[in-house]
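Chain residues, written in single-letter form:
There are 2 protein chains.
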Amino acid sequence: MANSAGLNEAILDDPEKHRFHADKGAGLRPSVNVRDWLQAAHADVLFEATSLNVESGQPAVDHIRAALERGAHAITANKGPVVHAYQELSDLAAKAGKRFLFESSVMDGVPIFALFRDTLPLVKLQEVRGILNSTTNVILSEMENGLSFDAALAKAQALGVAETDASYDIDGWDAAVKVTALATVLMGISMNPDQVNREGIRKLSVQAIREAKSASKRYKLVCGLKRVGDTVEASVKPEALALTDPLAAVEGTSSIICFQTDIFPELVITENNPGLEATAYGMLADFVRAVESDRPGRTH
Amino acid sequence: MANSAGLNEAILDDPEKHRFHADKGAGLRPSVNVRDWLQAAHADVLFEATSLNVESGQPAVDHIRAALERGAHAITANKGPVVHAYQELSDLAAKAGKRFLFESSVMDGVPIFALFRDTLPLVKLQEVRGILNSTTNVILSEMENGLSFDAALAKAQALGVAETDASYDIDGWDAAVKVTALATVLMGISMNPDQVNREGIRKLSVQAIREAKSASKRYKLVCGLKRVGDTVEASVKPEALALTDPLAAVEGTSSIICFQTDIFPELVITENNPGLEATAYGMLADFVRAVESDRPGRTH
Chain A
2 MANSAGLNEA
12 ILDDPEKHRF
22 HADKGAGLRP
32 SVNVRDWLQA
42 AHADVLFEAT
52 SLNVESGQPA
62 VDHIRAALER
72 GAHAITANKG
82 PVVHAYQELS
92 DLAAKAGKRF
102 LFESSVMDGV
112 PIFALFRDTL
122 PLVKLQEVRG
132 ILNSTTNVIL
142 SEMENGLSFD
152 AALAKAQALG
162 VAETDASYDI
172 DGWDAAVKVT
182 ALATVLMGIS
192 MNPDQVNREG
202 IRKLSVQAIR
212 EAKSASKRYK
222 LVCGLKRVGD
232 TVEASVKPEA
242 LALTDPLAAV
252 EGTSSIICFQ
262 TDIFPELVIT
272 ENNPGLEATA
282 YGMLADFVRA
292 VESDRPGRTH
Chain B
2 MANSAGLNEA
12 ILDDPEKHRF
22 HADKGAGLRP
32 SVNVRDWLQA
42 AHADVLFEAT
52 SLNVESGQPA
62 VDHIRAALER
72 GAHAITANKG
82 PVVHAYQELS
92 DLAAKAGKRF
102 LFESSVMDGV
112 PIFALFRDTL
122 PLVKLQEVRG
132 ILNSTTNVIL
142 SEMENGLSFD
152 AALAKAQALG
162 VAETDASYDI
172 DGWDAAVKVT
182 ALATVLMGIS
192 MNPDQVNREG
202 IRKLSVQAIR
212 EAKSASKRYK
222 LVCGLKRVGD
232 TVEASVKPEA
242 LALTDPLAAV
252 EGTSSIICFQ
262 TDIFPELVIT
272 ENNPGLEATA
282 YGMLADFVRA
292 VESDRPGRTH
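Taken in order, these protein sequences are the chains called A and B. Heads up, the first sequence is in my numbering, so the first residue is 2 and it goes up one at a time. Heads up, the second sequence is in my numbering, so the first residue is 2 and it goes up one at a time.
Hints are computed from structural coordinates only; laboratory data are not their basis. Mixed in with the good hints there might be a few duds.
No more than 20 Å apart at the CA atoms, straight line, and that leaves these computed lysine to aspartate or glutamate pairs for EDC-like [as the list claims (entries may be wrong)]:
#, chain 1, residue 1, chain 2, residue 2
1, B, Lys-156, B, Asp-166
2, B, Lys-156, B, Asp-172
3, A, Lys-204, A, Asp-166
4, B, Lys-238, B, Glu-128
5, A, Lys-227, A, Glu-240
6, B, Lys-218, B, Glu-145
7, B, Lys-214, B, Glu-145
8, B, Lys-125, A, Glu-278
9, A, Lys-227, A, Glu-200
10, A, Lys-218, B, Asp-231
11, B, Lys-218, A, Asp-246
12, A, Lys-125, B, Glu-278
The whole structure should be built from the sequences, with the hints applied where relevant.
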């Protein structure tokens, strides 16, 4: 049994250990590793929502590997395992007859991955364009309204939008990792976040943003992904968009993704004003998918 | 074997018969009914894409019933069977362990029904707003650009957009039937197209449309659906929309649907500039779904 007060954050500093502290009141061992913990809990499904080392995807990758090797479904809100170990974890899941699911990792719980996997068979995705990072979107809107960069960042943090390390968002890393996850899963093309042509919003001045506004344009941090032969061109960069561009209308924590495919010239999905429960819902929906796939001979 | 030159359109005039003409050259009987034909063809899947009697859903309903009773999957691009016999045909499909699928019936092949059925478990749909009829959308755009109603209609017909009976589109019936299908399938609330508060675009003058344009508004034929207790309020009517409304930007054959749910405050799907192959793709995607559900113990 895990500590009913929650897990010790200290374990996240040491990806080699991943030690969970057992409930002392129940007379269990004071700490166990992830594999022992999964065993003791008789886990059928693991929800993985730890913090993340961006460069390695750890400890999430190890947690998910342990769950799948044990024969439990693995559900994560982390982009890291998708970016760093998608093929390995997918193969492991297939071998175990279990699911590795990560719907909440991009665009909260909006079913972007499920859309292509479960509802658009045979479609070939050619291009993606979108706004996928809320922190920078809130900051840019606030700077348009007159706030300085620092004041806009503080407001994003007060709203609970900015992630733990704001530079990860501001420098475009969060968006770049999402773009990488989309290329990997939806286009079947392996790439690293390092390969994304990445530029954050740190160098954008209040003046540049106001000048754009008076020219009927808006700066947005735009994610781009384009299939070129067997590879992709991927970018994250600020662009001054005309107001007629659907991306220009996306405010605050809303997000948008435009897909160009071989069948549909353009499919656009917009998520307006999601609450925090949208991310939790994505994990719940993955849980339903996982449990449904356990039913023998199901026909949907 | 069916006549290789195609089916005789005359059968559509007599929903009691549905007689298909067999290929005389092959020495088969000169005509057979649908059940005989399904039997002779050893059909595993029926693609139903006949024309439609709006008030009865025939002959499509009978074709689909015959296929499901035979143990074949039934796939249709017709809204009629959904609106007139959804529960009966769904029950029949479940009993046979087969699928009754109709993705192409609303918004071409964009997976609107699959989105809720296969990717948004447990979500409760509260409200829908959208533009779902291309003929009226093309006509309204052309009238904005200065054409008369008749000239705009002729242009829509020349583009191959207007359906066989244009009054069905112009008077809002096509949109009303789509709204009814959405209420029935996505909200689980049975209703008839007659219950839709329906107003077409026939009474809209060129002058009214131009006046709206000069006031920075655009007329669109807006579909609305709102859950109210155990029932719905459904409407199809022309509205002068502000340019900031996402519906106002939808041009020509493009379409848009906005969903309000208990989890996502607003999810919007926009389909821009689809070709005719989008509808064919929807039936192909349904075919893949149907065949996949035949595989024993599949886990997606």
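Against the earlier hints, flag every one the structure doesn't satisfy and list their numbers going up. 10
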